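Visitor: With the sequences and hints as input, model every part of the structure.
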Amino acid sequence: MRCQMKPVFALVDCNNFYTSCEKLFRPDLKDRPVIVLSNNDGCVVARSREAKALGIKMGRPVFKIQQEILQHGIVTFSSNYALYADLSSRVMSTLEHLAPRMEIYSIDEAFLDLTGVASADCLLEYGQQVCAKVGAWTGIAVCAGIAPSKTLAKLANYAAKHFPATKGVVDLCQPKRQKRLMALLPVAEVWGIGPRISKRLQTMGIFSALDLAQANPKQIRNLFSVVVERTLFELNGESCLDLEEIPPSKKQIICSRTFGSRITTRQAMEQVICAYTARASVKLREEKQSAKRLAVFIRTSPFIAQDQRYSNAASAELIEASDDSRDLIAQAMSLLQGIWRDGFRYAKAGVMLSDFRSASMRQTCLFETGLNRTGSHALMTVMDKINQKSKGKVFFAGQGIKTNWAMKRQRLSPAYTTRWTDIPLVK
Amino acid sequence: MSVSLIGHSSALASTKVKYLKIPFFFEHVSAGFPSPAQDYVEQTLDLNELCIKHPEATFFVRVQGDSMLEAGILHGDVLLIDRSIDAKHDDIVIAGLYGELTVKQLELKPVVRLVPRNKAYHAIDIPEEAELNIFGVVTSVIRNLRPQC
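Line by line, the protein sequences are chains G and S. Start counting the first sequence at 13; every next residue gets the next number (my numbering). Start counting the second sequence at 12; every next residue gets the next number (my numbering).
Keep in mind the hints are simulated off the structure, nothing from the lab. Treat the numbers as computed from the prediction; the structure is a model and nothing was measured. Quick reminder that beta carbons are idealized off the backbone N, C-alpha and C, glycines included. Hints are supplied without guarantee of correctness; some may be wrong.
Here are the computed distance ranges between Cβ atoms for each label pair [stated by the list, open to error]:
no.	chain 1	residue 1	chain 2	residue 2	range
1	G	207	S	60	46 to 54 angstroms
2	G	329	S	62	49 to 57 angstroms
3	G	322	S	151	57 to 65 angstroms
Guide: In structure tokens, the structure reads:
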């Protein structure tokens, strides 16, 4: 029999996650402004506290802030996904010990179910212990917002992050405290309320989160959606959203990248498409699915003169759903031949797998096509296993052995926690 | 001596664990008849279990230099760092000092100091106002006598 206790959620998230990762093994960067750049070292995707204070905005192209970088000695890194993924999994693993249920929401955020874990007057202390433990064990500082609904927990976390007096933990279970905070925050800060909806709400006289909480639910439902109505209930302390413990299975897998340098030959593009298809197939097998539809797209940069632009895509349905890289690559190659045009300087390409079928259920067709050859599953499994080890990589010759279209990452820090050979040089 | 970080134990994700298995059987198992020793087969020995309490809080570094020679820590050694335990007096720790990671013995009394274990080096006093950044406590030293290439 389930005990009908009032639910309590905590939203725990890392402070300036990427830059915190970069600073963890660099005590020399402790109070320095640090930024992390997107793929191809194009734009700012993360800023440390000090970089934010200097006014560096998210998404800014790096060539536009060269002046500030030089003037303030801003330390710049390329995205080190291996490092961030590893430190993230440590944070999540630590949190797992601290609550009966949790939902990993993103690389640096998780919801914890704290129902029944601590009595009402001990929740703040519990939150502080959680943050202290994560910080001590992983070296990544986190903040926690505790509330009776996920939406309120998000707001509580916002307060924990932005009001230093809270010391990084806010308990928002008291209605009085909820109202006080909601009155301070604009409605656009509420989880699920984007710029479009908040503009419309403002025309109705709803400016703060509290205004939304006090609005008429039926009216909100009619004018917007049941989702916004649910948000309204959640702001009033009524939990409508439970933890999603198992992430919903993927409906499509996309592998695409902007190139480091332009591609102009068919052969180079074939290498690219082959590589992306191979990568997408690995993810497909991880999901234990087969795909029945494959799409390929290629395009030049959209920022050049009209007559130099070209963009096209093609997709096809496979006769039988497959998870075999060889079949998918063959299909991708044939689609590429249909859309390739000489004389253009391609900036980006991608492959999308969709229409998934469970790998175990396959409708075989009347004509034996040679797809899903015997031993295919075994071969794919062996390939995946070999590629997981750091030595020895198995790839399809079509992928190209030395590539210069691969992502530019000139300021990549070492994979400090995932490669034995990645030793930072220390004097 | 300075320290560089080289990796973490793969004991974290259960699918990526690298076990060092040393079979531990009481009796040779022969084909045909079931062995009467079957009930006595114990767990295989696992290095992760020996050294790692909390994978999330475990990091590895590689030693450069000889400032901790007399503590049995040599150049090229791999050290296992545990961030989950509180550093106490006389623990060997990794600390961030003057912008570098360093391995030293920690003294908390009578004053806070980082002490090398090599007569050629001097101890470093840590004044009260200075924030001593302890990265973690060294719990194991791993030395390959036949280094792999």
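Visitor: So, for every hint listed, does it hold in this structure?
Guide: Verification of the supplied hints:
| no. | hint | in the structure |
| --- | --- | --- |
| 1 | G:207 x S:60: 46 to 54 angstroms | holds, 52 angstroms |
| 2 | G:329 x S:62: 49 to 57 angstroms | holds, 52 angstroms |
| 3 | G:322 x S:151: 57 to 65 angstroms | holds, 59 angstroms |
Going through the hint list in order, the structure satisfies each hint without exception.
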